[in-house]
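Undergrad: Given the coordinates of chain A, work out where chain B should sit on it, guided by the hints.
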Amino acid sequence: MEETFGNYSVIGKAMPRVDARAKVTGEAKYAADIELPGMLWGQIKRSPYAHARILNIDTSKAEELPGVKAVTTGKDFNGFKWGWSGPTRDEEPFATTKVRYQYEGVAAVAAISEDIAEEACDLIEVEYEPLPGVFDPFEAMKEGAPLVHDNRPGNICVEYHWTFGDVDKAFAESHLVREDIFQTPRMAKGYLETPAVVAYWPGPDRLVFQGAKGSPYFPYRILARCFNLPLSNVRVIQPFIGSDFGGTKNDMTHCDFAAPMLAKKTGRPVKLVYTQFDTLTTDLRRHPMWITIKTGVTKDGILKATYVKAIADGGAYTRMSPLTMFLTGTCMTLPYELPNFKFDAYNYFTNNPSSAAMRGHGLYHSRFAADVQLDMMAEELGLDPVEIRLRNAIENPEPGKVYETINGVHMATCGVKECIEKVAEATNWEEKRKTKKVEGHKSYGIGFSAATYNGGTKLSAHNACAAIVRVCEDGSINYLTGASDVGQGSDTVCCAIAAEVLGVGLEDIDIKRVDTAFTPVDPGSYGSRVTVLAGQAAMNAAEDAKRQLVEVAAQQFSVTPEEVEIKNRQVFVKSNPQRNMPWERLVRIACYETPGKVIIGRGYSTQGITILGLADLSKGVGDIGTNYSFTAQAAEVEVDVETGVVKCTDNSVIAHDCGFPLNPPAVETQVQGGSYHQGVSAALYEEFKMDQGQTLNPNLIDYMRPRAYEAPMTKVLHVVTNDPYGPFGAKEASEGSCCSAPPALINAIYDATGVWIKDLPAQPEKVFWALKAQKEKKQRKK
Amino acid sequence: MKGELKELKLTVNGKPCELKVKANTLLVELLRNELKLTGTKVGCLDSACGACTVNIDGKAVRSCSVLALQANGRKVTTIEGVADGDKLHPIQEAMVEYGAIECGFCTPGMVMSAKALLEENPSPTREEVREAIQGNLCADEGYVKYIEAIEIAAEKMRGGQ
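Line by line, the protein sequences give chains A and B.
Just so it is clear: in the first sequence, position 746 is 747 by the working numbering, and no numbers are missing.
Just so it is clear: in the second sequence, position 122 is 110 by the working numbering, and no numbers are missing.
Bound-form chain A, shown alone (with noise of 0.2 Å):
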């Protein structure tokens, strides 16, 4: 039987998403399936150089060959450049002068088909000065390395240092304190919906763009700029859109600048699809990262000090680096309590591609350290995994009460200490943990984790996000947003938060896709932010239309407002429920009897703005969340000792604190995606494999992605805390489930083979290898 939370008509069950039947069937359009007529195909000339100035750029023979239409290169943009804040606007459409990152784009064409556009590419002769590069950040550190940027000495493209409380003093009173120094891959999205879009003019000044953009909002604002048009002429329509996980469909990438310029350049429509190569070689991509991490702890294994020393790859551009660094260093103080901790951060530009945010941006790095020494401090100890984690995870606040971290992180609700008791006891921890098991050359373990996430990210420029609720005369609802459904299920919950508050069904309300002449504004779908603020929004516009209606009503009974209510397409008074009428009739008294009256609820999210402030990146102060997930994890992993495999078992429990599951089935495909997709495979298989800026794993072959034989039957928890700042009491879902993998397997390989894996992935060469060495060990010993 399905597990139903609360006492509700339509949220806290099992409900199927509003746009599973589209999916399901195919008629579901994405960006590369929009054709329209005269629509002509583009293609982007890139750089086969990591690093070298562009002397010149010819694309006569180019723009010769019969069936192109027209051709762009960097020019065009008139020294336009964009970035994700103001102060990082450091990169071009297209490169101009210099290319900083092999396969950026140097120019692009329009033709009757994409075999021209391809062939008229190779016609486009770029002239080249190849420049010494820098491939990893302590390259880029050294003095004297060539400069990625020439306005950036040093390669800095991000530093913070923060304080809080007195490490120094906290480790020399520590019983034990460990550095360790762990690492994380260079990661793909492994999105399979590759970058799209189509864009055309309709008007001399005026833009329509379809893109696959999980944030509609980007685009809108930079091609304005870009193009120098008013906001309100550009029109960005979303198809749906194959996944997202931060980054490249946040912001920017050539194509987007491309099809734009080219469709004004011809007065056609110019479509360009990126390939799975494009993609892999270009898209933005999880940070690696270098992580050392200091920790010192009482005898009893209580927290006393951490120091972190993050040094990342940012890639060419900044892109979002100062937030990745920011969320990197933040959640150190969660989920248990911390009382002093220091933080240095160095991000450097590289000549590799940028790096941006991913699902479990930035936490997942720190965490991963984090989580993976605390098992080993706590073996030091003789402490069990579980119980020290209990010893130093924060208490849930008392209801109206609000626990506050010591670099000013505020929470009202915090259910690790629930999570990790229900982790312990699903698995029989104790009794699984005591049993070591070997068969032939397998060997088991399992690995115990707890991880947090924050939920309604808000950053310090347009937070608000609103909804529009216009109840038609026939009883149905048309529900407007600005915020997008990447396929987490947002769409699906605000609906159905409507739908609650309204009193009617799922199946009356009618969501579209985000059409930015017609939806209010919205940041994007990034940092867990959608169900958390725009399902505030949908609750908030709902009520404004119900209450129009409850007048309406109150009206015809002859009673006061407070005195009607509505629940299941029923109107009634409350003290006397026989005295009713159907939703529909409601609704058409109120249209067509009042006279005319248009009933259309209003409603934005407030918690994004108000609720206790906004986070200070340089600082490392304050809440980036409105609200944070809890996690904690068990994996059992089998390991074959003599070739290194690695692999999940489907003994795997996680236990998920979303504060209240609005749709639990979504919330457990959400944790259950986070955790395999993005963590599970930062784990054991996923890696770019870098030579000098180029890519040597372009594929879908070559590059792991984790496919379904090996996936572990993970089974969900839910842990209900009803946080007071997010709707109906809900936080995110998901990227507390990607941070939490990745440390419960690396501690359930130790526990299978007394081997440490701290660079990750833990691939077949690597354990293997690490085990030759123990083993070495072991031997020398005898």
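In short, the hints are calculated from the structure, not lab data.
There could be a bad hint or two in this list.
To be verified - To give an idea of the chain B side of the interface with chain A (calculated C-beta under 7 Å), a few residues:
id	residue
1	Gly2
2	Gly31
3	Cys32
4	Asp34
5	Ala36
6	Ala39
7	Ile67
8	Ala71
9	Gly73
10	Met83
11	Val84
12	Cys94
13	Asp128
14	Glu129
Just so it is clear, the structure is predicted and the values come from calculations on it, not from any experiment.
Glycine included, each C-beta is placed from N, C-alpha and C at the ideal position.
TA: This is chain B only, laid out in the frame that chain A set:
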């Protein structure tokens, strides 16, 4: 010759089609660009992701791995041909009801792999289900609910519903 058109006869979703195609046209290009059946997705064109999976004579085939001409005389079923009008196929129904679908980009390919499996093997073991969708990469949902939805669909189909 590079541009020469060849005759091609095949059945797509029960409808006979006669058309002329270039020899180098992939089946997925024919389906998406010529026949406008865009439910079949392109993820990689390397036969690695399975988003373009269709059924050819009942077998799951990645439509980027075969030329259109190789489908000559064959029966091709795409995601658009799976539901019976408004009535979803039990596999589709299970995926919708059970909450298996997230972004949906891999879903058409996943349905086609599952359909080929269940038509050949109505009572697959869990390992057989996993194996059948091993070639279908998903980016976000973890495969758990896909696997369970296919098992639920198999049960329903065996029950003659």
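Undergrad: Sort out which numbered hints this structure fails and list those numbers smallest first.
TA: 1, 9
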